[in-house]
Amino acid sequence: MFETIILQPIFNALLLIYSIIPGGDFGIAVILFTVIIRFLLYPLLKRQLHQSKQMRKMQPELAKIKKAANGNRQVEAMQQMELYKKYGIKPFRSILLLFIQIPIFIGLYQVIMIISLHRDQVA
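One point on numbering: in my numbering, the residue at position 69 of the sequence shown is 69, and numbering is uninterrupted.
Any given hint could be a false lead.
[Stated by the list, open to error] Result set (DSS-like, lysine-lysine): computed pairs, CA atoms no more than 30 angstroms apart in a straight line: (1) Lys66 <-> Lys53; (2) Lys85 <-> Lys57; (3) Lys67 <-> Lys86; (4) Lys85 <-> Lys67; (5) Lys86 <-> Lys53; (6) Lys86 <-> Lys46; (7) Lys85 <-> Lys66; (8) Lys64 <-> Lys53; (9) Lys85 <-> Lys64; (10) Lys67 <-> Lys90; (11) Lys86 <-> Lys57; (12) Lys57 <-> Lys90; (13) Lys66 <-> Lys46; (14) Lys66 <-> Lys86; (15) Lys57 <-> Lys46; (16) Lys46 <-> Lys85; (17) Lys90 <-> Lys64; (18) Lys86 <-> Lys64; (19) Lys46 <-> Lys64; (20) Lys67 <-> Lys57; (21) Lys66 <-> Lys90; (22) Lys90 <-> Lys53.
Honestly, the hints are just simulated from the structure, not real lab data.
On a predicted model such as this, the values are computed, not experimentally measured, just so you know.
Generate the whole structure from the sequences, applying the supplied hints.
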């Protein structure tokens, strides 16, 4: 399933980029593929950067909550969640970009290994 969903599209995209590039340099194809992926993931990155900026803004308030809770984790967690709602922050949203990038990175690595092992059959 990973091969069908991740590896094959990455393999096809790399071969397409490789066939378009004059001179046929596979390293440049990998660089262009990476730039294209970064461009496609930019909206998610922008949202994550905005959320990080919001988190930095609310750090003083989080420190006040921690101090006021006096070690009571449950009260602290509830007040933090209220503060997150106030600022419109979803704490686990920042993990989304990572969960998208990891399979692409692993797939790209595996495709590069496959292509390097079967160089004469691919090109």
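Do the hints match the structure? See the list:
1. Lys66 <-> Lys53: 20 angstroms, holds
2. Lys85 <-> Lys57: OK: Lys85 and Lys57 at ~14 angstroms, within 30 angstroms.
3. Lys67 <-> Lys86: 19 angstroms, holds
4. Lys85 <-> Lys67: This hinted pair holds, its Cα atoms lying about 20 angstroms apart.
5. Lys86 <-> Lys53: Holds, at about 15 angstroms.
6. Lys86 <-> Lys46: Holds - the C-alpha atoms of Lys46 and Lys86 are around 20 angstroms apart, at most 30 angstroms.
7. Lys85 <-> Lys66: 17 angstroms, holds
8. Lys64 <-> Lys53: 19 angstroms, holds
9. Lys85 <-> Lys64: Judged against 30 angstroms, a Cα distance of about 17 angstroms means the pair holds.
10. Lys67 <-> Lys90: 23 angstroms, holds
11. Lys86 <-> Lys57: Holds, at about 12 angstroms.
12. Lys57 <-> Lys90: 15 angstroms, holds
13. Lys66 <-> Lys46: 29 angstroms, holds
14. Lys66 <-> Lys86: 17 angstroms, holds
15. Lys57 <-> Lys46: Between Lys57 and Lys46 the Cα gap is close to 17 angstroms, so the pair holds against 30 angstroms.
16. Lys46 <-> Lys85: Distance ~20 angstroms between Lys46 and Lys85 Cα, so the pair holds.
17. Lys90 <-> Lys64: Judged against 30 angstroms, a Cα distance of about 20 angstroms means the pair holds.
18. Lys86 <-> Lys64: Satisfied, since the Cα-Cα distance of roughly 15 angstroms is no more than 30 angstroms.
19. Lys46 <-> Lys64: 28 angstroms, holds
20. Lys67 <-> Lys57: 17 angstroms, holds
21. Lys66 <-> Lys90: 19 angstroms, holds
22. Lys90 <-> Lys53: Given that 30 angstroms is the threshold and the Cα spacing comes to 13 angstroms, the pair holds.
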